[in-house]
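A.B. asks: Take the given structure of chain A and dock chains B and C to it, following the hints.
Chains as they are written, first to last, in the working numbering: chain A, 495 to 796; chain B, 782 to 1112; chain C, 383 to 833.
What the hints contain is simulated information worked out from the structure, not anything from laboratory work.
Glycine included, every Cβ here is placed at the ideal spot set by N, Cα and C.
Treat the hints with caution; some may be incorrect.
List time: in silico DSSO-like cross-link candidates among lysine-lysine, alpha-carbon distance up to 30 Å [stated by the list, open to error]:
#, chain 1, residue 1, chain 2, residue 2
1, A, K571, C, K442
2, C, K614, C, K701
3, C, K704, A, K571
Here are the simulated distance ranges between beta carbons [unchecked claim]:
#, chain 1, residue 1, chain 2, residue 2, range
4, C, P523, B, L871, 47 to 55 Å
5, B, A954, C, R451, 28 to 36 Å
6, B, G963, A, P737, 50 to 58 Å
7, B, T962, A, T702, 52 to 60 Å
8, B, W1013, A, L533, 16 to 24 Å
9, B, L871, A, L533, 27 to 35 Å
10, A, F560, C, D765, 37 to 45 Å
11, A, V776, C, K534, 39 to 47 Å
12, A, L533, C, N764, 53 to 61 Å
13, B, I1092, C, G807, 56 to 64 Å
Listed below, chain by chain, are the residues.
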Amino acid sequence: MTEVLTSPIAPGRPSTRRNDDVTRLLPKPLLVIVIAVLLIVVLTPVLYILFASINSDVSVAQGAFFPAELHLDNYVKIWSTVDLGTGLFNSVVVCGAVALVCALLAVSSAYVLVRYSFRGRLTVLRALLGLQSIPGTLMLLPVFVLFSTAATTLGIQIIGTRGALFITYLTFALPFSTWVMVTYLRGLPRELEEAARIDGASSWRILTRIVIPLSWPGIVVSAIFAFLLGWNDVLFASVMTSPESRTAAIALQVFGATQEGGAIPLYGQMMAASLICAVPVVVLYLVFQRYLVGGLTAGGVK
Amino acid sequence: MTTTTPASVTSAATQADGRPVGSTPTGGRPARRRGRSPNERNRPFWMLAPGGILMILVIVIPLILAIVISLLDLDQYTLRSWLQAPFIGLQNFVEAFTRSTLLRSIGISVSFAAIAAVVTLPIGVAAAIATQNKFVGRGLVRSIFLIPYVLPAFVVGTVWRTMLQPGGVVDDALASIGIHTGLWLNGPQSFWALILVQIWSSWPFFYLLVLAGLQAVDHEVHEAAAIDGALWWTKLRYVIFPYLRGPIALAVIISFLHNINGFTLPFVLFGVPAPQDVDVLPVLTYVTSFQSFRFGLSASMAVASLVLIAIPLFIYLKAVRLDTGEEGRKP
Amino acid sequence: MKARHALVAVAGIAILGLALQGCSGGSTPAASGSSAAVDGKGKSIDVMVGANTLYPTQQKQWFQDVSDRFEKNTGATVKFETYASANDELTKIQTSVISGQGPDIYNLGTTFTPTANATGAFVTLTDADWNKIGGRDKFLPATLGISGPDKKHEVGIPFASRPFVMAYNTDLLKAAGIDKPATTWDELTAQSKKLTSGGSYGMALAYADSYDPWKFIWAMSVQAGNPILDGKKARVDDPTTLTAYETYFDWLTKDKVVDPQAIGWKNAQAVAAFAAGKAAYLPMTTSTSKISLDSSVVAGKYAYALMPTIPPGKKSLPKGGKAASSILSGDNMVIAKYSKNQDLAFALMKQFTSASAQLEYNKLFGDLPTNAAAAKKLENGNDQLIPIIDSSSKSVGTPFSGAWGDTQLALVNVVVQSIPSLSNGSISTSEIKSKLASAQSTVQASLDKAK
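Here chain A stands alone, though its shape is the one from the complex (with noise of 0.2 Å):
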């Protein structure tokens, strides 16, 4: 392998002269058919909402696949049955805000955790995995506990705000987003920072300067993750939201509403808001995952 040190490489962007087949990890055919497969396992369930969105409800409970009939009325109702516009308005505003600080937050932690050492270091990376395992059940009375009891002392309404969700999601991404960069970060060469230090830069200009601009695979998708934390989140949303601040995610479950005895749940109109729900997140994903694409060699770092 030492034929990396030694190989002639060609100075200047070697991303002017990149061939994709050098970068190929599988043989063509290989790779087509665990495409194929993997988009006819995803996307058959897929289907079965779609075509659900569009169905009438009774058919849905029978476990009909194909439509019956033709609801296309279900997109309509949605906004109206449930206030979806408010909910998928308040779930981007605090998913997003969750993922920008928590990927921040994070890559500066990891870069302490990674690029330092201290005693207590390895303590606390095994506690961040250990705050990982306690359960959401667990954890729902305490936390709400402890919110009204600071909006009680402090005097300032906690629960019901958007900010009561934003500071949970973002404490519960944290240990995860944490790691992610840790991960990513021990991928990293060292070098550049350690020129950069020897040449004075303070920690952090290079956190900022080299470590992030380096990152951005690893940013991005510790910010999805965070994002999605929050996103799907219905367990803390549903005792901390009113219905100002009122999740998507929890406007959804509406529809699944069911009382006993009684009518049939509104499975169509479920499906296509959970399908109205997916598209903000897959739009997002698809304007930031040019960032997934090489850190290192968008980087220019040769």
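C.D. replies: Leaving out everything else, chains B and C in the frame of chain A:
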């Protein structure tokens, strides 16, 4: 936009160092060559402060409260003035271990979580590797791969519930090729149904982590392997995987923990009371807490299982050296 | 070490804060007993109700109308919060109770009233309180059956009645030569056998539902004289309960009057099967199923009837048995003790339970009134409602005990854990007995803890 700044810093750094920075570490593995111990001077601890304070406030203090609760006889009758609830020491723990189904639930949860995590691993890796290179529609494929992870768990649960119900799509499809299965949502098969659905909804997690890990692989490493004329699987095994050890080790443990703590999916798939083959830990603690109102007992179950799960977690960390970060050093 | 000290200090402060708050949460705001109109200018009151997805726009309009009217009467506005499911609601109640803050008024399913009462976090209504609402006498006596453990300690204000009935397919019954729906369980079984042919079954049942099964078991047991919770004694292992389970299971395994797939059905699937015309009877449903049925192929071809009131194996009501046609079902409202607007809450209750408001609510959402005058008015000249109103007056309240939640769970759990055997074709009496024995010990333990 990210290219200019580091590049300029780089050139300055190169001169100062008097050594080309671009030299890749031996063996093409992540940099471990120099500076074995991380820097010990000017440690910017303040960077840890915001996250640390948040976690102490919102996770550690509530956790302490939860542990206190686990020592109280807290139920619907004492909930309102919960600090006056009788302190009963370890009685909740005794009850959890001797008179509840806690141990069985831990067994189910651990095996379910481990199987689902292990099966998801190759799927996620394959997906990441397959979408590593540009092809027409790659963005779309990558986005589609994300969908199962983006759908709320209760939607996934509802959809699979109707698909798996007797006479549902799954039964029909299997019957058409001559396979007749029994119940999916109760009985022994329900355990596998839970694993199946969990895998479906969580594999993109692996995929995302591995995808990020792949980006850390230096372009030159690819080139070197190409010059070597290595076969694709040799390259994967000996060149690429060493880079992925960290992310994969992390993904395995986190996905295991997520599976252990996943509540909504089994709750929606099977309802409560849960069939005994899928009476997983979160459902048990949820029902004990929010339907039977035995908050103290439920907290003791959760705390006990936390401790029980911490043991294999610790062994795992040692084994893969995830915590010390030396997984890349081993050949 | 330093960090650990800091941590202990922070935790200490937090716990101290909690303690202070715990004390203040214990005291009840003094209720002023003035009978004059309440002045709530500039105030607002929070009410937690279930989200009605079947009539979403109507519900929003109703929220607005209620608030407007309340503002005209008292100067205060009403803010509604909604929950999606009973589980959500329980969680919300628990967090509110433990923290001493949350909505002023909760709208509860009747079976949750004992649980809410057990927390002691809701106002026990005195005579003066009832007077502020407009008098206890204005309610249908039957609807007060699950407001409290006894007349002196009631927390629940009856708001809506939603009794269980059964729907039957008139065409299918006629085709089978049955001129009137069954009134005993044995008759129901016999008719169902007749009605089962081709792809169509006698009954649509949801064996995998989280709520349905216990209602069958409870009804058959009560009719046979076993209230399940008999004072401080649980009677889950009673022979009457065993008979109830056997009847319920036999429909599937021996009588074969139920679609074999019903073993995996939730309530929605059973309603769907009936709505598709594939079942003659849909027992254990409420008038809210109307909206699904009226938009299906059985629209105009179905009717509601009382559920059987004579226990299995009997021709007439045995001694000690109660002719319960339904659990006492519907909504109660409870007022939180921590509420700082209790007088406003009572004023709102008065508004909610007036005859005119109750009739309007019925028109909008189909739930029956709890106000006696309103119920009387409704009865006149509405044939379709007669069996439902009839069932409302023949409803029997489930035992008012903090252990009822656990009892319900245990009763359903017997069915859930029996399903693998049922799917193999049969379940032995001894197997049911052993499951009942373990349910009995769970329920008894819960009952022993009850205060």
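A.B. asks: Could you run down the list of hints and mark each one as holding or not?
C.D. replies: Here's how the hints hold up against the structure:
A distance of roughly 14 Å separates the Cα atoms of K571/A and K442/C; the hinted pair therefore holds under the 30 Å criterion. About 22 Å separates the Cα atoms of K614/C and K701/C, which keeps this hinted pair within 30 Å; it holds. Of the pairs offered as hints, the one joining K704/C and K571/A is violated, with about 45 Å between alpha carbons and a cut-off of 30 Å exceeded. Between P523/C and L871/B the C-beta distance comes to about 49 Å, which sits within the given range of 47 to 55 Å.
A hinted range of 28 to 36 Å for the beta carbons of A954/B and R451/C is inconsistent with their spacing of about 55 Å. The hinted range of 50 to 58 Å is not satisfied by G963/B and P737/A, whose Cβ atoms lie roughly 44 Å apart. Our hint of 52 to 60 Å for T962/B and T702/A holds, since their Cβ atoms are close to 57 Å apart. Judged by the Cβ atoms, the range 16 to 24 Å given for W1013/B and L533/A holds: they are separated by roughly 21 Å.
Under the hint 27 to 35 Å, the C-beta atoms of L871/B and L533/A, about 53 Å apart, miss the expected range. Evaluation of the 37 to 45 Å hint for F560/A and D765/C yields a pass: the beta carbon distance comes to about 39 Å. At roughly 59 Å, the beta-carbon separation of V776/A and K534/C lies outside the given 39 to 47 Å, and the hint is violated. At roughly 56 Å, the beta-carbon separation of L533/A and N764/C lies within the given 53 to 61 Å, and the hint holds.
Separation of I1092/B from G807/C is about 43 Å and departs from the stated range, judged on CB atoms against 56 to 64 Å.
Consistency note: the structure conflicts with the earlier hints numbered 3, 5, 6, 9, 11 and 13.
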